[in-house]
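> Below, each chain spelled out in residue letters.
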Amino acid sequence: MSFLNEVEPLKNAAMEEFSKAADLAALEQAKSSYLGANGKFTALLRQMGSLSKEEKPAAGKLINVAKGEMEAVLSKRRTELEMSASLPKEPTDFTLPGRRRTIGRLHPLTQVTNDIVRSFRKIGFVVADGPEIEDEYHCFDALNTPHDHPARDLQDTFYLEENQKKLLRTHTSSVQIRVMAKQQPPVRIIVPGRVYRRDNADATHNPTFHQIEGLYVDKNVTVGDLKGTVEFVFKELLGSEVKLRFRPHYFSYTEPSFEIDFTSPMVKKMGKEWLEIAGCGMVHPKVLQEVGYNPDQWTGWAFGFGIERIAMIRYDITDIRLFYENDMRFLKQF
Amino acid sequence: MKVTLNWLKEYVDFNWTVEELAERLTMLGVEVEGIVKQGGEFEGVVVAQVLTAEKHPNADKLSVCSVMDGKGPRQIVCGAKNFKPGDKVPLALPGCVMPTAPGEPPFVIKVGKIRNVESHGMMCSGKELGLADDADGLLLLPADAVVGQPFAQHLGRAGSDAILDLEITPNRPDLNSVIGIAREIAALTGNPLRLPAIKQVESQAQATTEMVDVRIENSTLCPRYVARIIHGVKVGPSPEWLKQKLVKVGLRSINNVVDVTNFVMLEVGQPLHAFDYRLLQTTGMEKPAVVVRTATPQEKITSLDGKERALDESMLLIANSEKAVAIAGVMGGQNSEVGDSTSNLLLESACFNPQSIRATSKKLDLRTDASYRYERGADVGICEWASERAASLIVELAGGKILQTPIDAYPGKTEVKEVSLRFQKVTELLGVEIPKEQMVSFLTRLECVPSLVTDSMISVRVPSFRVDIKSEIDLVEEVVRLFGIENVPSTAPRGAIGSNVFDTIFDQHNEVRNILVSLGITEAQGQTLISSQDWPGEPEKVVSLKNPLSSDMNILRPSLLPGLITSLRNNLTRKTASVALFEIGKVFNKSNQQSTENRNVAIAMTGPRSQIFWQGADRDANFDIYDVKGLLEEFFEHFGIRGVTLTRREGPTGLYVESASIVLGKFEIGTIGQLTPVIARKNDLRDAVMMLELNLDLLVARRNAARSFKALPQFPSIRRDVAMVVPESITHEMVSQAVKQSKAPNLELVELFDVFRGKNVPEGQKSVAYAFIYRAMEKTLTDTEVNAAHELVLGKLKGQLNATIRDN
Chain A
0 MSFLNEVEPL KNAAMEEFSK AADLAALEQA KSSYLGANGK FTALLRQMGS
50 LSKEEKPAAG KLINVAKGEM EAVLSKRRTE LEMSASLPKE PTDFTLPGRR
100 RTIGRLHPLT QVTNDIVRSF RKIGFVVADG PEIEDEYHCF DALNTPHDHP
150 ARDLQDTFYL EENQKKLLRT HTSSVQIRVM AKQQPPVRII VPGRVYRRDN
200 ADATHNPTFH QIEGLYVDKN VTVGDLKGTV EFVFKELLGS EVKLRFRPHY
250 FSYTEPSFEI DFTSPMVKKM GKEWLEIAGC GMVHPKVLQE VGYNPDQWTG
300 WAFGFGIERI AMIRYDITDI RLFYENDMRF LKQF
Chain B
0 MKVTLNWLKE YVDFNWTVEE LAERLTMLGV EVEGIVKQGG EFEGVVVAQV
50 LTAEKHPNAD KLSVCSVMDG KGPRQIVCGA KNFKPGDKVP LALPGCVMPT
100 APGEPPFVIK VGKIRNVESH GMMCSGKELG LADDADGLLL LPADAVVGQP
150 FAQHLGRAGS DAILDLEITP NRPDLNSVIG IAREIAALTG NPLRLPAIKQ
200 VESQAQATTE MVDVRIENST LCPRYVARII HGVKVGPSPE WLKQKLVKVG
250 LRSINNVVDV TNFVMLEVGQ PLHAFDYRLL QTTGMEKPAV VVRTATPQEK
300 ITSLDGKERA LDESMLLIAN SEKAVAIAGV MGGQNSEVGD STSNLLLESA
350 CFNPQSIRAT SKKLDLRTDA SYRYERGADV GICEWASERA ASLIVELAGG
400 KILQTPIDAY PGKTEVKEVS LRFQKVTELL GVEIPKEQMV SFLTRLECVP
450 SLVTDSMISV RVPSFRVDIK SEIDLVEEVV RLFGIENVPS TAPRGAIGSN
500 VFDTIFDQHN EVRNILVSLG ITEAQGQTLI SSQDWPGEPE KVVSLKNPLS
550 SDMNILRPSL LPGLITSLRN NLTRKTASVA LFEIGKVFNK SNQQSTENRN
600 VAIAMTGPRS QIFWQGADRD ANFDIYDVKG LLEEFFEHFG IRGVTLTRRE
650 GPTGLYVESA SIVLGKFEIG TIGQLTPVIA RKNDLRDAVM MLELNLDLLV
700 ARRNAARSFK ALPQFPSIRR DVAMVVPESI THEMVSQAVK QSKAPNLELV
750 ELFDVFRGKN VPEGQKSVAY AFIYRAMEKT LTDTEVNAAH ELVLGKLKGQ
800 LNATIRDN
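Listed in order, the protein sequences are those of chains A and B. Using numbering that gives the first Met the number 0, the letters of the first sequence map in sequence onto residues 0 to 333. Using numbering that gives the first Met the number 0, the letters of the second sequence map in sequence onto residues 0 to 807.
Wrong hints could be hidden among the right ones.
[What the hints assert, rightly or not] No more than 20 Å apart at the CA atoms, straight line, and that leaves these computed lysine to any residue pairs for SDA-like:
id	chain 1	residue 1	chain 2	residue 2
1	A	K218	A	Y158
2	B	K585	A	P56
3	A	K121	B	T503
4	B	K628	B	T730
5	A	K164	B	S594
6	B	K469	B	V415
7	A	K234	B	V415
[To be verified] Derived contacts from chain B toward chain A, CB cut-off under 10 Å, selection only:
id	residue
8	A206
9	T208
10	Q280
11	M284
12	A288
13	R292
14	S313
15	G430
16	T443
17	I496
18	V500
19	E522
20	G525
21	V542
22	S550
23	S566
No lab work stands behind these hints: they were computed from the structure. The model shown is predicted, which means the values in this text are computed figures rather than measured ones. C-beta atoms are modelled at their ideal positions from N, C-alpha and C, and glycine is treated no differently.
Given the sequences, and given the hints that come with them, work out the whole structure.
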């Protein structure tokens with residue numbers, strides 16, 4: 000029976016050694032010195048065979064309990080040592096800046112364009128496009144612009160050197176003509192795009208800028224529809240607190256024509272009553288005739304406005320040139 | 000154009016404040032761009048008449064008076080003695096601010112009690128009004144002073160007024176006059192328009208035709224010419240009221256004759272010109288001739304501004320039998336100018352062709368108040384009235400006599416325009432029903448004279464000044480203006496769903512944008528117009544402008560890259576070192592003398608690859624060519640472009656020091672490469688610039704965005720790594736091709752994971768390492784099967800690429 004008396008002290012010694020192991024290697028070494036093939040505890044077990052049949056169950060139990068206790072201590076110490084081993088030497092400074100990935104930004108003009116397009120699409124409009132190099136027919140003649148109108152001057156419009164009939168479109172309205180000439184009514188399009196005017200760049204001008212054009216031709220289209228649609232879109236775009244005002248104006252390709260002013264708490268803060276934002280009107284019967292639509296059967300309205308202007312109002316940007324310099328510090332703000 | 004509130008009130012009654020007037024005009028289509036208020040002198044002081052004067056019950060030196068201020072009697076307590084009932088005096092009304100010495104607080108007249116008697120104003124002395132240094136008692140006014148009249152007006156001094164700056168749309172030349180604006184107000188209010196009565200002045204028995212001939216050689220360019228002759232004028236300064244009117248709206252006073260012609264032009268919109276009659280005369284001729292003709296080649300004239308002007312045959316002139324005396328409708332000639340010594344005048348009131356005046360004015364770069372009005376379309380009907388109005392004013396202010404029977408040469412007389420309006424058309428276009436009677440009334444108030452009114456339509460005779468009214472739609476517009484666009488109810492959006500092929504393309508462009516943004520590239524918008532200096536490509540393929548603003552912007556961009564390079568420079572000069580930009584936009588090229596345009600997408604990047612970080616070996620690495628190549632691969636995979644090959648170009652081309660063309664099928668769809676150092680240096684770009692440009696239209700057309708699900712593998716894969724030494728000339732593409740040709744079964748993936756040059760690798764060779772992943776969809780592969788397949792690969796590599804397989 001003598002060897003059974005050794006179980007308890009050996010177990011205690013092992014547990015002591017396990018708990019004090021300084022690292023995982025020492026722990027493994029300690030483990031094998033007791034529980035390994037040549038370990039002291041394993042050696043004890045081998046003496047089990049010398050016991051009688053009656054003695055065996057009690058002895059087995061005693062040894063298993065002891066072994067279980069040892070393994071529990073071993074496992075606990077192993078977890079402790081693993082934990083401390085995986086910690087960095089110094090505690091992590093979670094206030095240090097992280098390793099950042101860059102996400103690009105959409106240009107503010109793209110964002111504004113997309114917002115405008117989204118509003119129009121909600122109510123059945125689709126996007127159309129046309130060339131930026133235009134001819135006088137689509138840009139002026141078909142839009143009922145008089146032949147000696149100043150807009151056609153070399154002073155105001157860019158013409159191409161090689162072919163002087165070709166010009167850079169001065170408005171997206173040229174696309175109205177291209178679409179209507181190709182397509183039978185009803186027509187319901189919006190046209191975002193670049194346009195060109197021969198203005199020197201300053202805080203409010205750039206020779207290149209963006210417009211968006213809306214055109215709706217159908218049966219029984221009225222000024223009331225025009226007002227309703229424009230109000231819907233601008234409220235979506237600039238917030239429901241904006242108020243719109245239509246006032247009579249003149250454009251050669253619409254009649255009656257209107258300019259649209261808007262006001263909001265922000266406009267008031269700028270010390271203004273109204274801010275001009277768009278031009279619009281009922282498509283002129285001559286324009287409808289020009290594309291082969293019967294003005295007694297079809298009516299329509301069109302409107303256009305500058306995208307930069309909307310972006311400038313929305314983001315409180317005071318210099319249009321910022322849009323074209325692509326300064327990252329600017330672009331990252333949107 | 001500028002008008003003043005008081006001037007307008009001479010022609011039409013309205014009782015709006017200037018702000019209300021501005022609002023009404025704006026809503027009528029005459030936008031008021033500015034209002035300048037002029038506080039007049041003696042504001043709140045009127046001419047008043049003393050009705051009674053009694054002793055103050057509580058003060059010996061004061062009297063209590065009843066004073067008529069024009070509207071009713073007021074009780075005024077007064078300390079002066081020098082007046083009696085019936086006398087007229089200046090009366091300051093409550094609220095009036097009296098002049099005080101500088102530095103003293105303002106003295107405001109209030110209703111108050113003086114020794115327990117209420118006083119509703121103050122009768123003033125000359126001193127109190129600042130008109131005299133000292134004064135004994137009240138300033139007594141002449142018996143003919145008008146009771147109730149503002150005191151400033153009584154003195155002939157400026158009263159309060161407001162100057163409105165109006166934006167007149169080009170279709171409404173009739174609004175370039177005070178009467179024109181007054182007419183709009185009359186139409187809006189329904190109040191009558193008061194045209195000024197022309198004073199009948201003394202005339203001379205002689206007929207105008209005895210003194211001058213008028214000959215119009217081109218009646219298309221000059222449909223009407225009215226000439227009056229005035230004898231014996233005295234040219235001198237204008238009276239105060241006339242000077243005031245002109246100065247307020249921004250004109251200079253010159254002399255009474257010229258001022259009258261300007262005044263009438265402002266009043267009614269008809270430009271007038273006065274010639275010195277004596278200077279029109281020619282020797283040997285009994286009477287001068289006024290000839291309206293086009294210039295002869297090389298003809299010259301010195302205009303009133305002292306400049307000699309070279310004319311051409313398209314330009315219309317006023318001439319005598321010898322020489323040009325005026326550029327018709329633009330500016331008079333110095334040789335016939337009215338001056339101090341002028342005593343006989345020929346007054347011209349004519350109508351000229353708008354296009355002709357515009358062309359002349361443009362060619363001469365000479366814009367005047369007259370040319371401005373003529374080129375927009377003057378009222379041919381008003382010439383005679385304006386001439387008579389001006390002549391009568393000249394005689395009134397400068398003396399003289401008008402010759403009888405003015406000449407009115409009117410070869411271009413046309414029928415009165417008749418335009419009809421179907422009432423239904425208004426309802427159709429506005430979406431609101433306007434009563435027929437109201438429409439008739441609107442048109443009538445605008446001086447369109449109904450010639451026929453039925454249940455369904457109206458025909459009107461259009462007044463000559465409304466050159467813009469030509470067709471039915473123009474009448475619709477008039478009805479809307481007077482009805483008020485604010486009274487047209489908005490209707491909720493409704494109607495057809497549009498359709499256009501571009502609609503889905505628009506979305507695909509946004510898809511490209513979103514992919515690139517997620518890859519860390521920021522969107523830019525560059526100028527379309529760039530400098531030919533910034534484009535190294537062939538000049539004959541570039542679309543250039545005939546009339547550029549400057550040489551900085553003389554061509555249409557053939558590529559988006561010059562703009563992106565400029566943007567990189569903008570960022571670097573502002574100390575942003577890491578910049579990665581893309582742009583989507585049109586580019587322009589020329590082939591066979593035809594300009595073409597298409598959309599491209601381009602990327603340019605320079606500087607540090609990652610945002611600043613505080614540790615790591617790779618943290619300072621800059622963008623290199625494989626960064627942009629990686630973007631390209633990732634972008635193509637997401638956008639659905641497959642089967643692209645890159646072919647290195649020999650030698651530098653265009654913007655690139657080294658580049659490859661990107662080929663998809665039979666299309667070259669773009670270029671990838673590095674910016675040439677010459678251009679980099681020019682733009683102060685110190686770090687290497689990586690660039691990529693693709694034809695977006697082709698990408699959109701050639702993409703295959705369709706996706707279908709492939710079952711996930713159920714069985715494990717087996718990997719074999721191969722390191723081999725190959726000649727430098729062997730490209731990755733050649734390795735891929737060789738592997739492909741080996742037709743090794745179950746080869747799922749080949750990945751390059753190392754390229755090495757140096758130790759143990761001979762010069763002119765490189766070591767490359769690939770991982771080969773084998774996997775079957777239906778079972779777990781055995782080693783034997785993989786080895787057999789892998790042998791095929793190795794054999795091909797050795798045989799085809801001369802590769803030395805390294806054992807390790």
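> All hints are to be evaluated individually against the structure, with a verdict given for each.
Comparing the hints with the structure gives:
For the hint pairing A/K218 with A/Y158, the CA-to-CA distance comes to about 37 Å; that exceeds 20 Å, so the pair is violated. About 92 Å separates the Cα atoms of B/K585 and A/P56, which puts this hinted pair outside 20 Å; it is violated. A threshold of 20 Å between alpha carbons decides the hint, and for A/K121 with B/T503 the separation of about 15 Å falls inside it, so the pair holds. Proposed proximity of B/K628 and B/T730 is supported: the alpha carbons are some 15 Å apart, at most 20 Å.
The suggested pairing of A/K164 with B/S594 holds, with an alpha-carbon distance near 12 Å, which does not exceed 20 Å. For the hint pairing B/K469 with B/V415, the CA-to-CA distance comes to about 11 Å; that is within 20 Å, so the pair holds. For the hint pairing A/K234 with B/V415, the CA-to-CA distance comes to about 46 Å; that exceeds 20 Å, so the pair is violated. Because the smallest distance between the Cβ of B/A206 and any Cβ of chain A comes to about 39 Å, over 10 Å, the interface hint for this residue is violated.
Proximity of B/T208 to chain A is violated relative to the hint, the smallest CB-CB distance being about 36 Å (cut-off 10 Å). A least Cβ separation of about 37 Å between B/Q280 and chain A goes past the 10 Å threshold, and the interface hint is therefore violated. Against a cut-off of 10 Å between C-beta atoms, the interface hint on B/M284 is violated, since the closest Cβ of chain A lies about 37 Å away. For B/A288, the interface hint is violated, since its Cβ never comes within 10 Å of a Cβ in chain A; the closest pair sits about 31 Å apart.
Because the smallest distance between the Cβ of B/R292 and any Cβ of chain A comes to about 21 Å, over 10 Å, the interface hint for this residue is violated. Below 10 Å, beta-carbon pairs count as interface contacts, and B/S313 has none with chain A, the closest being about 12 Å; its hint is therefore violated. A hinted interface residue such as B/G430 counts as satisfied when its beta carbon comes closer than 10 Å to some beta carbon of chain A; here the least separation is about 3 Å, so the hint holds. Hint status for B/T443 relative to chain A: violated, with the closest Cβ pair at about 19 Å, above 10 Å.
At its closest, the beta carbon of B/I496 sits 4 Å from a beta carbon of chain A; the interface hint therefore holds under the 10 Å criterion. Interface hint status for B/V500: upheld, as the beta-carbon distance to the closest one in chain A is roughly 8 Å, under 10 Å. The beta carbon of B/E522 is positioned within 10 Å of a beta carbon in chain A (closest approach about 4 Å), and the interface hint is therefore held. Below 10 Å, beta-carbon pairs count as interface contacts, and B/G525 has one with chain A at about 7 Å; its hint therefore holds.
For the restraint placing B/V542 at the interface with chain A, the shortest Cβ-Cβ distance is roughly 6 Å, inside the 10 Å limit, so the hint holds. About 13 Å separates the beta-carbon of B/S550 from the nearest beta-carbon of chain A, more than 10 Å, and the hint is not met. Interface restraint check for B/S566: the shortest CB-CB distance to chain A comes to about 4 Å, inside 10 Å, so the restraint holds.
Violated hints for the displayed structure, listed by number in ascending order: 1, 2, 7, 8, 9, 10, 11, 12, 13, 14, 16 and 22.
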